[in-house]
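> Sequence:
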Amino acid sequence: MGLNLAHGGHLSHGSLVNTSGIIYTPCEYNLNQETGRVDYDQMEEVALREKPKMIIGGGSAYSREWDYKRMREIADKVGAILMIDMAHPAGLIAAGVLENPVKYAHIVTSTTHKTLRGPRGGVIMMGKDFPNPWGKTTPKGEIKMMSQLLDSAVFPGVQGGPLEHVIAAKAVAFGEILQPEFKEYAKQVQKNAAVLAQALIDRGFTIVSGGTDNHSMLVDLRSKYPELTGKVAEKALVSADITVNKNMVPFDSRSAFQTSGIRLGTPAITTRGAKEDLMLEIAEMIETVLSNVENEEVIAQVRARVNETMKKYPLFAY
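Numbering (UniProt numbering), first residue to last: 1 to 318.
No wet-lab data here; the hints were simulated from the structure. Be a bit skeptical, because a hint or two may be false.
Unchecked claim - 27 Å max Cα-Cα, derived DSSO-like pairs, lysine-lysine:
| # | residue 1 | residue 2 |
| --- | --- | --- |
| 1 | K235 | K103 |
| 2 | K191 | K114 |
| 3 | K231 | K114 |
| 4 | K114 | K51 |
| 5 | K114 | K187 |
| 6 | K103 | K140 |
| 7 | K312 | K114 |
| 8 | K235 | K187 |
| 9 | K103 | K69 |
| 10 | K183 | K69 |
| 11 | K128 | K144 |
| 12 | K51 | K144 |
| 13 | K53 | K136 |
The task is simple: from the sequences and hints, build the whole structure.
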């Protein structure tokens, strides 16, 4: 059971177009329509009804902190494994800016890029090992620990030769994360996201859930630009050298190919040294572009402004 894809979940959490939804029988929980936050009461109702073997927390477009404690309580009620996919906020969690799910989850997974700023890859973690719940045994008849099943699922299950260069790059990234500068970076990512979200709200945009606790935000375009799709908005902004992606919003009437929203994040621009003042300028430029999506002259002017502005920010300030 995972977060509804249309509400900010991820394909790999049970989508019918993904292996996870083809091999297994998925069910989903939603965001509350009024608050834009995970509806834990509804999650519990679905869990009690469907009895999932695993509950997955985490998503690809959810800007709020997760209640890991409540999720573990729900998982324990139905005998499910709680897996937290912290791929998006992992860097902020590692820096202590957001709560660490390891003490609540049976299993925690993450990519090593995104907010961890490492190479493309992944990591699987456990806070505490435990006997596997399916009774799988060793040739000697001993119950296998869950960590043994995870290890063998990776190799020989789905991988062959290890990518030593990626392992080395992960070590470098983890070394950077241990430095005091990374904590300051993570704090600034969070500050920048909060300021950008509020600046957009002040300009009449709707942010799903009303703001952000992490590095990202989901902008619902329908209130300010009812006829504008996320697809058109993405194309116009990318043409102005402002990188965003189209994204469905909760209870979206448009398809995943059109969408009614766009997703924004602050990790990359914070790496370049951006602070709160630039977030205000970015919000202004976003509004200018989205108010003129068919005006190539205006988009060209914003693109020139973007490139001139970013000359002051090196590629790696942190």
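> Against each hint, give a clear statement of whether it holds in the structure.
Against the structure, the hints:
no., hint, result
1, K235 - K103, "42 Å, violated"
2, K191 - K114, "17 Å, holds"
3, K231 - K114, "23 Å, holds"
4, K114 - K51, "32 Å, violated"
5, K114 - K187, "15 Å, holds"
6, K103 - K140, "31 Å, violated"
7, K312 - K114, "24 Å, holds"
8, K235 - K187, "30 Å, violated"
9, K103 - K69, "9 Å, holds"
10, K183 - K69, "24 Å, holds"
11, K128 - K144, "14 Å, holds"
12, K51 - K144, "24 Å, holds"
13, K53 - K136, "16 Å, holds"
Consistency note: the structure conflicts with the earlier hints numbered 1, 4, 6, 8.
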